[in-house]
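For the record, the sequence lines run as chains X and S. If you're matching positions, the first sequence starts at 5 in my numbering and goes up one per residue. If you're matching positions, the second sequence starts at 830 in my numbering and goes up one per residue.
Where hints are given, some of them may not hold.
Unchecked claim - Quick list of the computed label-pair ranges, beta carbon to beta carbon:
#, chain 1, residue 1, chain 2, residue 2, range
1, S, GLY870, X, GLU60, 41 to 51 Å
2, S, ASN847, X, LEU15, 17 to 27 Å
3, S, THR885, X, LYS74, 20 to 30 Å
4, S, THR940, X, GLU34, 20 to 30 Å
5, X, GLU60, S, ALA908, 19 to 29 Å
6, S, GLN832, X, GLY67, 21 to 31 Å
7, X, SER71, S, GLY929, 33 to 43 Å
8, S, PRO858, X, VAL16, 39 to 49 Å
9, X, LEU45, S, GLY929, 36 to 46 Å
10, X, SER71, S, GLY870, 37 to 47 Å
11, X, ASP55, S, GLY845, 41 to 51 Å
Just so you know, the hints here were simulated from the structure itself, not pulled from any lab data. Cβ atoms here follow ideal geometry from the backbone N, Cα and C, with glycine treated the same way.
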Amino acid sequence: DVKVTQSSRYLVKRTGEKVFLECVQDMDHENMFWYRQDPGLGLRLIYFSYDVKMKEKGDIPEGYSVSREKKERFSLILESASTNQTSMYLCASRRRQVINQPQHFGDGTRLSIL
Amino acid sequence: KNQVEQSPQSLIILEGKNCTLQCNYTVSPFSNLRWYKQDTGRGPVSLTIMTFSENTKSNGRYTATLDADTKQSSLHITASQLSDSASYICVVRVGGSTLGRLYFGRGTQLTVWP
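Isolated chain S (complex conformation):
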């Protein structure tokens, strides 16, 4: 069964600290994995995409990793800011078709305290 599991469900950290969010998936065949950030009251916005051949990709203070063998991805946030408070959603696409369906994780709710 195709699934995407995220952990932790929620996380509270102090401003300036680092954190790592996890995503495990059983989706097959794998096409790509994307991390979205969803601010409260807004729609999700893409942070980064990982394809099969990529291990690490950075977008500013966000660094995503992918281990295709163990089917795990992580999103590391460095030097957190109050504006990082949001839900982070892991999304995996099946196969290589342009109509390949998406599997969504339930998200990790991150709260950054001053």
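Just chain X, with the same shape it has in the complex:
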């Protein structure tokens, strides 16, 4: 079974802090994704990566950056955390060359910015 592991289930940080969310997958997937999930809004794509050191902006990249130094690890960075970034963050991975493969999700990090 594919396992996508997010380093923290719950995280509380203060406004202005630099925040790192870590995600590791164990299936050698090329594609990795970061989403945020808010009540009533569903999942929204922040950034994705289709290879090491490659990154592409999603629908809501403002205030975020990412890092993919190794194939199995994809980090989301909040440069200067703000209260409107309080949310559930979900990481996902997927094999690139197979169209009907699903994205496999981690269990999320619930981030609160005070």
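Model the placement of chain S on the given structure of chain X, informed by the hints.
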């Protein structure tokens, strides 16, 4: 504009009863449609995928249908169990590229009462 709309927003049923969740989409060109189940505090897990040529597909007590002409899909749950309580998310993939983007519905929150 590419969109995915789900109904109802929430649903409460008694254990043992059947229910049907709806998904309407305007995504074009269409590649596939996937239903995910998301338990509280967990990441989404794929239930089933529908491609253009498929009308019906079953996965245990879950049966998905697709009408590509009317751009509608449904997820029917038979003989519901308490463990079916979750959010069900409809996701549509654009085009045939391995990088085809996903459009997420906002989900239907199903609660099964004993």
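Results of checking the hints against the structure:
For the pair S/GLY870 and X/GLU60, the beta carbons lie near 29 Å from each other, so the given range of 41 to 51 Å is not met. The beta-carbon spacing between S/ASN847 and X/LEU15, approximately 40 Å, falls outside the hinted interval of 17 to 27 Å. The hinted window of 20 to 30 Å between S/THR885 and X/LYS74 is violated, with their beta carbons roughly 42 Å apart. With their beta carbons about 38 Å apart, S/THR940 and X/GLU34 fall outside the hinted range of 20 to 30 Å.
Look at X/GLU60 against S/ALA908: about 43 Å separates their beta carbons, and that is not inside 19 to 29 Å. A C-beta distance of roughly 25 Å is found between S/GLN832 and X/GLY67, which places it inside the suggested range of 21 to 31 Å. A beta carbon spacing of about 25 Å between X/SER71 and S/GLY929 contradicts the range 33 to 43 Å that was offered as a hint. Checking the proposed 39 to 49 Å range against S/PRO858 and X/VAL16 shows it holds: the Cβ atoms sit about 43 Å from each other.
Look at X/LEU45 against S/GLY929: about 22 Å separates their beta carbons, and that is not inside 36 to 46 Å. Between X/SER71 and S/GLY870 the beta carbons are some 27 Å apart, a value that contradicts the proposed interval 37 to 47 Å. For X/ASP55 and S/GLY845, the hinted distance range of 41 to 51 Å is satisfied, since their beta carbons lie about 48 Å from each other.
When the structure is compared with the earlier hints, violations turn up for hints 1, 2, 3, 4, 5, 7, 9 and 10 and for no others.
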